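Colleague: Respectively, the protein sequence lines represent chains H and G.
Heads up: the first sequence begins at 1 in full-length UniProt numbering, then just goes up one per residue.
Heads up: the second sequence begins at 1 in full-length UniProt numbering, then just goes up one per residue.
If you're looking for bench data, these hints aren't it; they were derived computationally from the structure.
Treat the hints loosely; a few may be bogus.
The following residues of chain H were derived to be distant from chain G, with all beta-carbon distances above 12 Å [what the hints assert, rightly or not]:
{"hint": "1", "residue": "H243"}
{"hint": "2", "residue": "T269"}
{"hint": "3", "residue": "A301"}
{"hint": "4", "residue": "K363"}
BS3-like cross-link-like pairs, simulated, lysine-lysine; straight-line CA separation at most 25 Å [as the list claims (entries may be wrong)]:
{"hint": "5", "chain 1": "H", "residue 1": "K295", "chain 2": "G", "residue 2": "K29"}
{"hint": "6", "chain 1": "H", "residue 1": "K332", "chain 2": "H", "residue 2": "K284"}
{"hint": "7", "chain 1": "H", "residue 1": "K284", "chain 2": "H", "residue 2": "K228"}
{"hint": "8", "chain 1": "G", "residue 1": "K29", "chain 2": "G", "residue 2": "K41"}
{"hint": "9", "chain 1": "G", "residue 1": "K539", "chain 2": "H", "residue 2": "K22"}
{"hint": "10", "chain 1": "H", "residue 1": "K222", "chain 2": "H", "residue 2": "K348"}
{"hint": "11", "chain 1": "H", "residue 1": "K346", "chain 2": "H", "residue 2": "K356"}
{"hint": "12", "chain 1": "G", "residue 1": "K539", "chain 2": "G", "residue 2": "K29"}
{"hint": "13", "chain 1": "G", "residue 1": "K382", "chain 2": "H", "residue 2": "K114"}
{"hint": "14", "chain 1": "H", "residue 1": "K222", "chain 2": "H", "residue 2": "K342"}
{"hint": "15", "chain 1": "H", "residue 1": "K230", "chain 2": "H", "residue 2": "K348"}
{"hint": "16", "chain 1": "G", "residue 1": "K594", "chain 2": "H", "residue 2": "K122"}
{"hint": "17", "chain 1": "H", "residue 1": "K122", "chain 2": "G", "residue 2": "K41"}
{"hint": "18", "chain 1": "H", "residue 1": "K114", "chain 2": "G", "residue 2": "K594"}
{"hint": "19", "chain 1": "G", "residue 1": "K546", "chain 2": "G", "residue 2": "K382"}
{"hint": "20", "chain 1": "G", "residue 1": "K41", "chain 2": "H", "residue 2": "K131"}
{"hint": "21", "chain 1": "H", "residue 1": "K45", "chain 2": "G", "residue 2": "K546"}
{"hint": "22", "chain 1": "G", "residue 1": "K73", "chain 2": "H", "residue 2": "K22"}
{"hint": "23", "chain 1": "H", "residue 1": "K118", "chain 2": "G", "residue 2": "K538"}
{"hint": "24", "chain 1": "H", "residue 1": "K222", "chain 2": "H", "residue 2": "K356"}
{"hint": "25", "chain 1": "H", "residue 1": "K45", "chain 2": "G", "residue 2": "K538"}
{"hint": "26", "chain 1": "G", "residue 1": "K594", "chain 2": "G", "residue 2": "K41"}
{"hint": "27", "chain 1": "G", "residue 1": "K73", "chain 2": "H", "residue 2": "K302"}
{"hint": "28", "chain 1": "G", "residue 1": "K382", "chain 2": "H", "residue 2": "K118"}
{"hint": "29", "chain 1": "G", "residue 1": "K546", "chain 2": "H", "residue 2": "K118"}
{"hint": "30", "chain 1": "G", "residue 1": "K546", "chain 2": "H", "residue 2": "K122"}
{"hint": "31", "chain 1": "H", "residue 1": "K118", "chain 2": "H", "residue 2": "K230"}
{"hint": "32", "chain 1": "H", "residue 1": "K45", "chain 2": "G", "residue 2": "K382"}
Covered stretches of chain H, going by a simulated chain G footprint (3 or more residues, C-beta under 8 Å) [claimed, not checked]:
{"hint": "33", "region": "52–60"}
{"hint": "34", "region": "84–91"}
{"hint": "35", "region": "252–260"}
None of these values were measured; they are calculated from a predicted model.
We treat Cβ as the ideally placed atom computed from N, Cα and C, and that holds for glycine.
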Amino acid sequence: MTTLLILIVVALLAVALWQLTKIFDLTQVGANVNDTQVANDNDNKVNGYLMFAFLVFIYLTTIYCVLNYGHFPLLSDSASEHGPLVDNLMIISLVLIFVVQTITQALLHYFAYKYRGKEGQKALYFADNNKLEVIWSSIPAVVLAGLILYGLYAWNNIMFVDKEQEQDSIVIELYAQQFNWEARYSGADNVLGKANVRYIEGVNNLGVDLSDPNAQDDFASKELHIPKGKRVIFRMRSQDVLHSAYMPHFRAQMNCVPGMVTSFSFIPTLTTAEMRDRPAMIEKVANINAIRAKKSQELVAKGQTALDPYAFDYLLLCNKICGASHYNMQMKIVVDTPEDFKAWLKDKQTIVSAVKTSLAEEKLKETEGKPVKNDTASTKVKTDSTLVAQK
Amino acid sequence: MSAEAHNHAHDNDHGHDHEHHHKDTFITKYIFSIDHKMIAKQYLLTGIIMGVIGVGMSLLFRMQLAWPEESFKIFTFFLGEKMAPGGVMTNEAYLSLITIHGTIMVFFVLTAALSGTFSNLLIPLQIGARDMASGFLNMVSYWLFFLSSIIMISSLFVESGPASAGWTIYPPLSALPQAISGSGTGMTLWLVSMAVFIAASLLGSLNYIVTVINLRTQGMSMTRLPLTIWAFFITAIIGVISFPVLLSAALMLIMDRSFGTSFFLSDIYLAGEVLNYQGGSPVLFEHLFWFLGHPEVYIILLPALGITSEVIATNSRKPIFGYRAMIMSIIAIAFLSTIVWGHHMFISGMNPFLGSVFTFTTLLIAIPSAVKAFNYITTLWKGNLQLNPAMLFSIGLVSTFITGGLTGIILGDSTLDINVHDTYFVVAHFHLVMGISALYGMFAGIYHWFPKMFGRMMNKNLGYIHFWVTAVCAYGVFFPMHFIGMAGLPRRYYTNTNFPLFDDLANVNVIITVFALVGGAFQLVFLYNFFSSIFYGKKSVQNPWKSNTLEWTAPVEHIHGNWPGEIPHVYRWPYDYSKPGHDEDFVPQNVPMKEGEEVLHH
Chain H
1 MTTLLILIVV ALLAVALWQL TKIFDLTQVG ANVNDTQVAN DNDNKVNGYL MFAFLVFIYL
61 TTIYCVLNYG HFPLLSDSAS EHGPLVDNLM IISLVLIFVV QTITQALLHY FAYKYRGKEG
121 QKALYFADNN KLEVIWSSIP AVVLAGLILY GLYAWNNIMF VDKEQEQDSI VIELYAQQFN
181 WEARYSGADN VLGKANVRYI EGVNNLGVDL SDPNAQDDFA SKELHIPKGK RVIFRMRSQD
241 VLHSAYMPHF RAQMNCVPGM VTSFSFIPTL TTAEMRDRPA MIEKVANINA IRAKKSQELV
301 AKGQTALDPY AFDYLLLCNK ICGASHYNMQ MKIVVDTPED FKAWLKDKQT IVSAVKTSLA
361 EEKLKETEGK PVKNDTASTK VKTDSTLVAQ K
Chain G
1 MSAEAHNHAH DNDHGHDHEH HHKDTFITKY IFSIDHKMIA KQYLLTGIIM GVIGVGMSLL
61 FRMQLAWPEE SFKIFTFFLG EKMAPGGVMT NEAYLSLITI HGTIMVFFVL TAALSGTFSN
121 LLIPLQIGAR DMASGFLNMV SYWLFFLSSI IMISSLFVES GPASAGWTIY PPLSALPQAI
181 SGSGTGMTLW LVSMAVFIAA SLLGSLNYIV TVINLRTQGM SMTRLPLTIW AFFITAIIGV
241 ISFPVLLSAA LMLIMDRSFG TSFFLSDIYL AGEVLNYQGG SPVLFEHLFW FLGHPEVYII
301 LLPALGITSE VIATNSRKPI FGYRAMIMSI IAIAFLSTIV WGHHMFISGM NPFLGSVFTF
361 TTLLIAIPSA VKAFNYITTL WKGNLQLNPA MLFSIGLVST FITGGLTGII LGDSTLDINV
421 HDTYFVVAHF HLVMGISALY GMFAGIYHWF PKMFGRMMNK NLGYIHFWVT AVCAYGVFFP
481 MHFIGMAGLP RRYYTNTNFP LFDDLANVNV IITVFALVGG AFQLVFLYNF FSSIFYGKKS
541 VQNPWKSNTL EWTAPVEHIH GNWPGEIPHV YRWPYDYSKP GHDEDFVPQN VPMKEGEEVL
601 HH
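Same shape as in the complex, but just chain G (with noise of 0.2 Å):
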């Protein structure tokens, strides 16, 4: 294999290297660095920043929802009195919360934070590579990230307002300043971010790529690959196939808004008079963004699922069920997620008999998925469970995963969306599925990989109030959320006091921004227990919990290149816990085989 091979050159080169360590500046280690376990850490630090905005941002439009235009000190603080005259939110910025909310939420945090921080974290460590293949890419594709963040919070400050046509930014509304006033500068910010951002993670994908596929150590075939891999690998490759196609959406918006083409907009008549376009099509747009859309959901938790199928072998002391067939499963997640995306249009006006077609497709991912859920189920029976942060935020995950995905039978279900459709019911839907569930995959990465990325523990009974209140107050967020949307109560409405028929749903509204009042309050917990643990956390060993992957054989303090000396050879799947005819319950990747030993996996 001239990729092994290779390799080895590799390897050899750097552990010359490391005869003489080359001195780093503040800016090279801290800042401009290359390393990538101080990108991933970049990473996971600009995610949680924005994290931050972003709960918080839906804690305020819950607020309004809750006690509708009543006056509240804590709006005029945040929002000034421009959004919040006199402490009321205005309709436009609620609007904008929700924009800016969901763009930072599915972008910023589920996207970039959560694969961005533990594929370039694990990648590397648990192939047995030096670093990314190129490191250089890595550091780009951190900073247009940071730039893009950067672009994106700016954009809540300027005169007109941030966008606020909904961050699907279906036009002509979002093309269209006359027709709400944050397309005009704020929409043009959240473009030129959106696409900073799709270049970053375009070349952090295509990094991710290559490193799995060409710098894997000697031994370990595709098939020994640890699940988290199998599953950055295959979102790497999702996200290059889909995220182009939202570009061209982006561009071709732009060029509608500035340049006068008419690539989605025709037939306006807006504010007294007739705008010039003609010819085309807003659903041309909605078919351009869901297509990158919907495999966006796959992109964001099939590095959950990765990440949890890791946690609950480890923390199960047993092997992950039918590692094969969660390979597959990825796979076909992966492959229909691009052609599933029309379940998204149903109503939209496109043909009905595509409607038929999707339905199908739709229908038909929930196979995969359905195994998945009973494999993790299987993995915990007859097991020695042991009940880490991590582990809890996993089993929580199969938990959302399951009740957020149920209700998709029901979404991808043409006949039934014709009702549902753009209601609260939707949001429940993807808020347990996709929200709630790829959160739970990013906290027990961090708290699984922590010692890891700063050689000290977190405190395990902050983790565990953090599980447990969070874990109660999802559900009583969520939960009731689908009975006030099969009551026909659409999404977005900034107040539903214009309905006296939805006066009895008021009531529910309250509970559902109580629970997400507590539950946003508890996840200070967790930055207390992130930021002080990397600080004054109990120092920790270098396995601590006796996992079987490459990244445990590194040493705690971090090196360029991960491993002081040779690189690490595998001779086993990453799964071997509680074997039979070993005296310990795990048997780390690099141990060789025993004369005799059998392999007891397919």
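With the rest of the complex left out, here is chain H (with noise of 0.2 Å):
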């Protein structure tokens, strides 16, 4: 089938440059036979009004992509108290960029048309003009000097936590590895405790010091709970290679760096059910909904299983080439009331004692009489903690 949809293609490409050609050389009819290959008034003209047609291509398909994939575009209905301002700028910037896209591009291709060569015509011999070249550099200059300032206040605002607002937020630590994310919640005491890829050992998998006092309280998720209203700040970690924590509905994304931590920090502005609920979701959730029918339609068809419908959720992707699954490297985020955030924090089995069950079930193992593999672990140094998650 695709052999021979492939080949129809290729059929239909070669009529299409046979016709072509056959349209260019009729534009030669009547022109003064000449194979000279520079252009002569005929290709001069038919280019000319091609470049005029090739304007009216660019606007059409700057208003098809509008129309059609305008609401894809992240620019409202952003899901943490910083979003508004990022989408503001973005806007402010869209404008900016299609009103000067839409005179530029206009004044070139109707240039191109407009003075087409023809013989016998002279140019203007127009060499400089130190008025033109002053305006057209100083505007440009004033215009981003305002889009500078704006995005250099928003990133301020965005990136520097002062104290005050760090006293006043919870801390969770994104752990990135291939290909799965994990988070670790500071607990009680809102302190992360220490940790390296040397305490990497059995269950604790997110190399926590278990002798920190810090990290007592510290328990492991592998969904991602915030509450709305609250500031969050995210320390991230990765044990192997760059990861980058991307949540485009939160306008939030750091890179996550083996060797050292990295932070972001954002207030959550909208719970999960509340974003399900705003009209464009609703609406963009149908469209997909509609679009999994049909394939599921497909995939019946062919007797293999139906996709499942789709409901909105937050996301934390990652957004740094990762590995060969990089592709499929996510995490499922819940934005709760803060009643609901409470409830869910309850009785979460911490690090620590998870490590002591463990432990307790192997030595369980061991008495009975099964022996266990002695892990090289037990003969590591592990002394060394130079990398901790708190700054």
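Hints in hand, dock the two standalone chains.
Modeller: See below:
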């Protein structure tokens, strides 16, 4: 089937090519027979008109994309407090870009059409004009200065967290490895215990320093829950290669760098349930489900299993190439109301107690006479804790 | 001027040389040639072959993105059973393809082939020199480039697969074979190839710089140089400044990989064990890489802009508008390009304060770029445009340069970069502004100087078809890509089907791929035109485009030393097109000023 399709496409391309050559040959009819392969008046005319047509093509493409794909870009309904600031700047930049693009492309292609060459026509000898140069260097300079100031204001607001804000926040570690995410909560003391990959052993897969007093109430989760309305400070770590914690709906992203702790923080403003109820989101999800339903029909017809219907959830995606399965490294994010979040926090097993339980189980097995391999971990020197998950 | 005096002595030597035609064997003429025109052709041919491979790869992975995990016979044919079992591309093969596509296009096609071809061809011819300052170094430079191409291609065939950590080869992924199999032998070959490539590039660049400074003919002051030469000259300078930094990064990475150092690695737990590395930082690598990587963008783009300046002026029959402003903006872009690298790293974990600094410098670079765009548009105004294929590609370049450049305002702003970093928005941006633009510049150069290289003309009608289909497809591919990028779709994903969130973007990906396939197929028109014209093209006259620059004063038939008699002297700038008071609409640089003729430009 695909082979056939490819053959058809190739054949059609060949026909198109043949026809195009013919069209261009026809444009030569009547012109002086001249095969110097240098453009003559006729070529200038045809290509001048095509330049104008190309301007129309650019405009139509733009309009088509804005109408059909205009709802894709994340420009509104952000789920974090700094989101509107980012979206605003984005919208201002986009409007500016569209205006400049429309004008400059029009000038470029219109001139190419208007001043197409004709035999005997003479161009204007116009070599320079300082006034013009000054005008079009200063206009971008002024406009950009405005954008830079807004951008820097927003950037400083987003990236720098002062002491006061830090006090009224919760600290969560995002831990990246090929190819999944884990979150470590700092517990009641709101301080993450020290950690380093050299502590990784058994169930302590995040490498938490179990002797650190701050680590005693830390617990891990495969799903990221955060409360609405409270600043969340993320500390990112990676155990192997570079990853990037990308949370598009929160306008948040930061790389996870092995050997280093990076940080990003934001205040969630919409719970998952609230986001699902946004009109734009309802429409988007309905659209996606229609696409999935259609695909499912095809799959079922082929005897495969149908796709699950989709319900919106916030996502944490890996956005830095990290290996073969980079394309499927994700974690679900749930924004809870403060009450729900409190309820979710209850009776989470701490890492320390998880390690104890697993050690106890191991011991039990040993006493039952099943020899457990004495792994190298016990002989390892584990004093090196240069890396701490706490700045 | 001692340089000029020396120049003259040099001329006479060569003039004398020419009396006895030294016999060229096939090997000294076509293979180990030290003639800059032949070396230019060698660069072009190698570049075209690499370009076919690079573009072909992009078509393959575009098919995977449009129809994820479907079986195609063509995959089995090109990738073999190992990379495409049953005709389905594997995820590792996908990553290899994007990595090698990026590497080949950025370095081997748009750096070496574009700059190598036209710097070599045009610098001696346009400044009025017999050859490059060192023909031998020039030859060595080409052959090192050829060697590095061979090594890069051979890496496609190693057992563990070619490099697959992205063309930016960020460690630790690129350093540890345990992390991805492509980081084994494939990566070693990649690094060796790049080290050789950098040596080639440095030898070439040094040669260009020395030639431009020392071998200009009498009367050819720096402010009478064609803008092509200015662009190649400044490009060579930023190449010399920044490529050694990449070499050092590559050497350190080789050390980390093979000799147990920890420049870029620290605290790594992989495949069930803690590795011994301690104290390095991947962020250091990012700094070193982008200290080259960003100037690299301009190493690619400036020669293309130089070529279009020349082509647009010639075909508009009008002086380039704002000659000095063009030179100033080339220099400003070159300077700024070395202090903006951090905009690739806003969210790399470096100090956010640095982000502010780099936002500032990055947005500054928009000013000289805007000046260039406006100057091109003004050059067209009230011209007498000869719409040859080269001219169409030059106008196309200005169009994509504007479209792609404008989105740089978003990416250069650290605040906005947070949410579009590493998405398809970035892919759309840089493909338009440097990929497509530089390719257009290269095509413009090929169509324009083909008669100079091969003494024959390319078929213009095939050229028109090539341009129009390419222009439509380029926008068809990259315009919609902005939208899926702003929807948050990350780049370098083998398939997006694991995210139902992105299901509504699947159709757009199909459209993009169809445009890419059609656009790719129509490059065959160019290839046919190029190769058939070499042998069967219409014989060219000496100055087919009625151009002012010196290369068109040399005879069509190539000879060692370029001009049979004396080297022409230069009396005017290269852009006296349609100057009042002259009968013809062009006045070549070697025509003396008439009595009482005024210099009408500043």
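Colleague: Assess, step by step, whether the Cα of K73 of chain G is no farther than 25 Å from the Cα of K22 of chain H, and give holds or violated.
Modeller: 33 Å, violated
Colleague: For the pair we were handed, K118 of chain H and K230 of chain H, check the Cα-Cα distance against 25 Å.
Modeller: Roughly 70 Å between the alpha carbons, so the hint for K118 of chain H and K230 of chain H is violated.
Colleague: So H243 of chain H supposedly isn't at the interface. Is its beta-carbon more than 12 Å from every beta-carbon in chain G?
Modeller: 10 Å, violated
Colleague: Can you confirm whether the C-alpha distance between K122 of chain H and K41 of chain G stays at or below 25 Å?
Modeller: Violated, at roughly 35 Å.
Colleague: Starting from K45 of chain H, check that the Cα of K382 of chain G is at most 25 Å away, please.
Modeller: 16 Å, holds
Colleague: Would the pair K29 of chain G and K41 of chain G pass a check requiring their Cα atoms to be no farther apart than 25 Å?
Modeller: 12 Å, holds
Colleague: What's the verdict on K230 of chain H and K348 of chain H, does the C-alpha distance respect the 25 Å limit or exceed it?
Modeller: Within the cut-off at roughly 20 Å; holds.
Colleague: Is K346 of chain H within 25 Å of K356 of chain H, Cα to Cα?
Modeller: 19 Å, holds
Colleague: When you check the alpha-carbon spacing of K539 of chain G and K22 of chain H, does it fall within 25 Å?
Modeller: With Cα atoms ~23 Å apart, K539 of chain G and K22 of chain H stay inside 25 Å; holds.
Colleague: Taking only the CA atoms, is the gap from K594 of chain G to K122 of chain H under or equal to 25 Å?
Modeller: 20 Å, holds
Colleague: Does the structure keep K382 of chain G and K118 of chain H at a Cα separation of 25 Å or less?
Modeller: 12 Å, holds
Colleague: Does K342 of chain H lie within 25 Å of K222 of chain H when you go C-alpha to C-alpha?
Modeller: Holds - the C-alpha atoms of K342 of chain H and K222 of chain H are around 17 Å apart, at most 25 Å.
Of the numbered hints listed earlier, those contradicted by the structure are 1, 5, 17, 18, 20, 22, 26 and 31.
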